[in-house]
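Got chain E sorted already, so can you dock chain U with the ligands onto it with the hints?
Chains E and U, in that order, give the protein sequences. Here the first sequence is numbered in this note's numbering, starting from 2 and rising by one per residue. Here the second sequence is numbered in this note's numbering, starting from 1096 and rising by one per residue.
Hint data in this document are derived by calculation from the structure and do not stem from the laboratory. Computed from a predicted model, the values in this text were never measured in an experiment. Just so you know, not all the hints are guaranteed correct.
[Claimed, not checked] BS3-like cross-link-like pairs, simulated, lysine-lysine; straight-line CA separation at most 27 angstroms:
no.	chain 1	residue 1	chain 2	residue 2
1	E	K176	E	K91
2	E	K81	E	K91
3	U	K1149	E	K176
4	U	K1287	E	K81
5	E	K105	E	K81
6	E	K105	U	K1152
7	E	K176	E	K156
8	U	K1149	E	K144
9	E	K227	E	K245
10	U	K1287	E	K156
11	E	K176	E	K245
12	E	K105	E	K91
13	E	K91	U	K1287
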Amino acid sequence: MQTKPEPAVVGDDLIEMSELEVHYELRGGTLSRLLGVGAGTVKAVDGVNVTLRRGEVLGVVGESGSGKTTLGRALLGLAKSTRGTITYRKPRAGGEHPEQVVSKMSARELRELRTDLQMVFQDPHAALNPSMSIETAVGHPLKIHGIASGEELRKRVAAALERVGLSPAEQFMRKYPSDLSGGQKQRAVIARAIILDPEVLVADEPVSMLDASVRAKILQLMLDLKADLGLTYVYITHDLATAKFFCDRIAIMYLGRIVEIGPTDEIFADPKHPYTKALLKAIPEPDPHKVVPRDLPRGEIPDAASPPLGCSFHPRCPEAVAECGWESRDLRNLLEEHWTRQDPSVYESEQGLVGDLGVLDKPQKRVTIGKGADSARVRQLLDRARAENPSEPLWRGVDEVRETEDGVEVVFHKGYDPLLRPSGGVEVACVLYPEPVTPEPARPEDDRHGS
Amino acid sequence: MLTGLISPFRRTSGMARWILVSGLFITGVFIAFALFAPWIAPYDFNQQTVDGVKFDKMAPPDGDHWFGTNDQFYDVLSRVIWGARTAVEVVALSVMFSVVIGVPLGLLSGFVGGWVDRVLVFLMDSLYAMPSLLLAIVFSFLLRGPLGGGIIAAALSLTAIYIPQYYRVVRNTTVSAREATYVEAARAIGAKNGTIMGRYLFGNVIQSVPVIGTLNAADAIGTLAALGFLGLGIQPNEASEWGYDLSRALDDAAAGIWWTTVFPGMAIVLLVTGLTLVGEGLNETVNPALRKRRLRPVQLPPHEPSTYLAEKDDTRFAVGDRETVEKRDER
Ligand SMILES: Nc1ncnc2c1ncn2[C@@H]1O[C@H](COP(=O)(O)OP(=O)(O)O)[C@@H](O)[C@H]1O
Ligand code: SF4
Ligand SMILES: [Mg+2]
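With the rest of the complex left out, here is chain E (with noise of 0.2 angstroms):
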């Protein structure tokens, strides 16, 4: 890839996320609609604080399904934020800067918006207008905001896709999208967001539906933007790699959440979280023969809307300890992972022991498992799983295995939802940082789940 561009001159703060929330409805069956209760929530940005700075490159990083489509979808006023507020603050002639607040805008206010925001799709052949010529795609913008139309829109509009790469222009305006390639369209919908001269540019993973030979020509056309027209950059991907290229911040972002944010050296170079050290640890080496472990943590997402108590990476933190949530989905998962170790007929008995997991589904601190059953044998089961493998982080986290009446009780440990806090250059979300263990401050642990 190219070189890094310079260091840009950041400058004042230009767009303010403050406690940005989207959650989305989700709408269950007929019955429970017919009942009035919604089937949950999914939050898909949960409580993001981050200053987007005029002339930056912010990398928005995590794995599909943490939020970042969503993030920039609420800055544009696209999704709209249940929670919280957006704070645009217009630079103009003179050095004031009025502040226009995103989430409180009229639909006339946001249309107006837009000639300052503008967006880049993930997708490309999905982002342009099946039956739209390129022309017409590119200009429209102009035309709708009414800034150009007839032989003046022309001109602009070839500028723009020259200016894009795609010359000469005259051959590409007649084209549809269907006549381009991935990168030709996606050069397309660089142009259109660029036609109007905006200030912030959110790229949504712009290059990962690509071919990856054209990857790096589409990056280094957007650093050539950002030079000549001095955009501010929203930089959203899954890929660290191309994050480290092309951005000056990074914030790392994890089931709604930023668990670390910081700048994009210090994040490489010290990478503080653990989700934020898995994912670097994912990126392919450029040394083809060097074997490095690409999977990421074990497990999978959880779902977003029902999220692990206290620290939501919890259940795929090899580092987790006691005070990171623990809670009786936990255990379930462990059991179940034990039993695909076990054979047939052990898992068996020990399933009619414990009985029916259902009652681990509920995120709970303490839970009785194998009601009815002989509590002699459940522990046994236990303690079985747990010499199995006494690393297991859930185990720092189980203040208490007892024998009742009716089962066995688990008790777990009291645990935190880590709030972002300063640690060396960055700022992180998770109990161990800053060093030693400090969990406050904190948000309750069952905080996500309150409402």
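Chain U with the ligands in isolation, oriented as in the chain E frame:
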């Protein structure tokens, strides 16, 4: 433009192309009748005399009257040709009206959603559930007062039947297209809802309208004839109409007078067939998913009586093998 017109042909082959071409030919002939009726038809549709001499009543086909004359002294050939004009006019108008009403309603309903959508879906579903002839009868009764028994009234009564079809198709396509990224992209550049509907959704949700249009046109011919047959359609003094002629001719058919029924009847059947063929042909090109790929026939192993089983074990095995190979081939 030209490439747009011939593209349905290029995209089809074999059967589908034949369907389309033959449909277009038949329909084209009737449209030619409709456009040039005054020049093609030997007489006017309500002409009973030529040079002051009255036609014979119910004369069989001969050199002067190729299709004979009917009980009202009219020339059957002329009635058939003028009837094509009536049919094409009524059907074209009704299709136009239902497209003009159904498509925007569907677009709006699908895009806006909420209670507007729910009310419209309910209304349209109820309209759709009603037997179409009954609906047409009710509307022609209602419209006869204000509009008389002319072409417009007939077209409007048919319109009511077909609106729900355009509405449903366009609404459902809009509901899914509304979620497309390009719609979000349009929002992101500051497009208003009207612009999104008109410039981004419209062109993408009307793809199947031509297909529905031609299939509806075929259906409308039948319904119009049925209305005429019941005496509810076009009034005889307004224009020539096949269904009406059929109903008058029915009594004579028993007396061996076949030409007054056969020719209008054939006209109806032919035009309906032609339009249906066009519709099906278009459907195959517009919805490539429906296009069936030609499958190679599966070759079954020859049936062998079970007594040979023991000695012919090897061959059976080989035959079975071949079958699997061929099945795999088809994919
Ligand atoms: N319009 C929506 N309605 C309901 N849930 C949504 C919607 N958009 C996104 N989500 C959910 O929000 C979460 C975050 O999604 P997204 O922002 O697309 O993540 P990313 O871009 O990081 O992959 C996912 O669980 C997704 O299913
Ligand atoms: S708080 Fe830190 S250590 Fe605990 S689970 Fe979360 S990331 Fe891991
Ligand atoms: Mg995404």
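Hint by hint, here is what the structure shows:
1. K176(E) <-> K91(E): violated, 36 angstroms
2. K81(E) <-> K91(E): holds, 20 angstroms
3. K1149(U) <-> K176(E): The given pair, whose Cα atoms are some 65 angstroms apart, is violated under the 27 angstroms limit.
4. K1287(U) <-> K81(E): holds, 17 angstroms
5. K105(E) <-> K81(E): holds, 10 angstroms
6. K105(E) <-> K1152(U): The given pair, whose Cα atoms are some 82 angstroms apart, is violated under the 27 angstroms limit.
7. K176(E) <-> K156(E): holds, 17 angstroms
8. K1149(U) <-> K144(E): Since the Cα atoms of K1149(U) and K144(E) sit roughly 68 angstroms apart, the hinted pair is violated (cutoff 27 angstroms).
9. K227(E) <-> K245(E): holds, 17 angstroms
10. K1287(U) <-> K156(E): holds, 24 angstroms
11. K176(E) <-> K245(E): violated, 35 angstroms
12. K105(E) <-> K91(E): holds, 15 angstroms
13. K91(E) <-> K1287(U): The given pair, whose Cα atoms are some 22 angstroms apart, holds under the 27 angstroms limit.
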